[in-house]
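Enquirer: This is what each chain is made of:
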Amino acid sequence: MSVLIDKFDVFAGGFWLTLQICVLAAIGALILGAVMAVLRISPVPPLRAVGTAYVTVFRNMPLTVVMFFAAFGLPALGSNADFLRIPVLDSLFTRLGTDLPYFRFALLALVLYTAAFVCEALRSGVNAVPPGQAEAARSLGLTFGQNLRHVVLPQSWKASVVPLGSVIIAMIKNSALIGFFGVVGDLSQTADQLTSAEGYAFIPVAVGISIGYLIMTVPLGALLDRLEKRQAVAR
Amino acid sequence: MATGEPLIVLDRVNKWFGPLHVLHDVSLSVDKGEVVVVIGPSGSGKSTLCRAINRLEPINDGTIVFDGQPLPAEGKALAKLRSEVGMVFQSFNLFAHKTILENVALGPIKVRKEKPAAARERGLALLDRVGIANQADKYPAQLSGGQQQRAAIARALAMQPKAMLFDEPTSALDPEMVGEVLDVMTSLASEGMTMVVVTHEMGFARHAANRVIFMADGQLVEDAPPTEFFANPRSERARDFLSKILTH
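Note that the protein sequences, when read in sequence, are chains C and B.
One point on numbering: in the working numbering, the residue at position 90 of the first sequence is 90, and numbering is uninterrupted.
One point on numbering: in the working numbering, the residue at position 175 of the second sequence is 410, and numbering is uninterrupted.
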């Protein structure tokens, strides 16, 4: 098991890169998923159709295929996903700004794929709010946006938190795929590096990698449990 | 109280839920200041009629005019119209995550853009009027059913509506709490509020209503002053209904 100590810096580096892409992907997926959820519950039929189409496409396609499209389809279309070189963010997360586009491609794929599940988690929360709440808000003259913001969404978090947590945890584990699409040095790709290139035994390396993922996922699960308890609304 | 000026006018309104014809050529006019009580067996379309007036239930055919203006389609204009029509539900529907005072002040602040301090002050006065000013900072789940319904009435009144719709406001209450809600409604009626009340409370219909509407199978069967309706129902259907509810 000495590899865990000898190569601690390699594990730590892999952990740090995986954490970076997960934080960015989680933010992106939450924003895009929230937008899609609002579209899906909108009173305007064409907007609902857009939301539904998005979820149908990205929820039903394997992540690997989405990654393929991002990593090979975008360059074929002449894009290096440079729109993700967001000022300030790219100085915090340096991989966003590098000339090699694979981190951006992988991030895009993770965001697009995860947003479909975020959308459905948020929508299930909205559906859990009794319809009378929205009716009362409408009958006071609140607009659709005001209704969501002041009445429905604040009450939907409680029912959304648990499924949303599962979605983000799944996303962290899904990020293990990015090493196969050109991203060098994430937690999973570290295993490949240490075992095949440097000849370390597989099991100790795999244990180290697992610990890395657990450090991200277990506290997240605990945090969500606490949030859920705090959000409880008496009826 | 009735002024002879129509405020709510329904003209040959039809509504289907799939194959079920819930409103069948319903025509009705409610004057400013009038109190109309709608009674009838369950499934007769009373609640649908009440909910159609502020378009919580869109109708399939016919017209509904409120204060001279046909009901607009979903959007800003409809939101504005709804803000002028107070609605009280059977299940109260107080916002569960807000205190009673926040419930009452939300509409004035967000829809009417009133200053929060002024809206809260007016809200407190309304809560005082319905007798629950001391509950202002509690959450809906901490109140009894009767208190919740009185809060819901205060919430609707906070919008200074031109008319109030009551959809079976006492049907979900314990018997001992029915009176406190009816008292508030009776005082509203005596102050000249235009009211459409769907209810099974025959006592309220007798003493507070200007007119009683009897509905059955989606049709408006009778429309008469309460004394006349209760003493001399013209239709067989109404006689049958009254004999069933008044014998116990």
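Incorrect hints may appear among the rest.
The following label-pair restraints were derived from C-beta to C-beta distances [unchecked claim]:
hint	chain 1	residue 1	chain 2	residue 2	range
1	B	N249	C	A34	32 to 42 Å
2	C	G132	B	S425	22 to 32 Å
3	C	G132	B	E319	40 to 50 Å
4	C	G145	B	E356	25 to 35 Å
5	C	T64	B	G253	56 to 66 Å
6	B	Q304	C	S79	45 to 55 Å
7	C	L227	B	N369	24 to 34 Å
8	B	N249	C	A176	38 to 48 Å
9	C	S166	B	S425	51 to 61 Å
10	B	P276	C	G145	38 to 48 Å
None of these hints come from the bench; they were simulated from the model.
Note that the Cβ used here is the ideal one computed from N, Cα and C, for glycine as well.
Enquirer: Does each hint fit the structure? Answer for all of them.
Expert: Checked hints:
no.	hint	result
1	N249(B) - A34(C): 32 to 42 Å	holds, 39 Å
2	G132(C) - S425(B): 22 to 32 Å	holds, 29 Å
3	G132(C) - E319(B): 40 to 50 Å	violated, 21 Å
4	G145(C) - E356(B): 25 to 35 Å	holds, 27 Å
5	T64(C) - G253(B): 56 to 66 Å	violated, 44 Å
6	Q304(B) - S79(C): 45 to 55 Å	holds, 52 Å
7	L227(C) - N369(B): 24 to 34 Å	holds, 33 Å
8	N249(B) - A176(C): 38 to 48 Å	violated, 59 Å
9	S166(C) - S425(B): 51 to 61 Å	holds, 56 Å
10	P276(B) - G145(C): 38 to 48 Å	holds, 40 Å
The structure is inconsistent with the numbered hints 3, 5, 8, although it conforms to all the rest.
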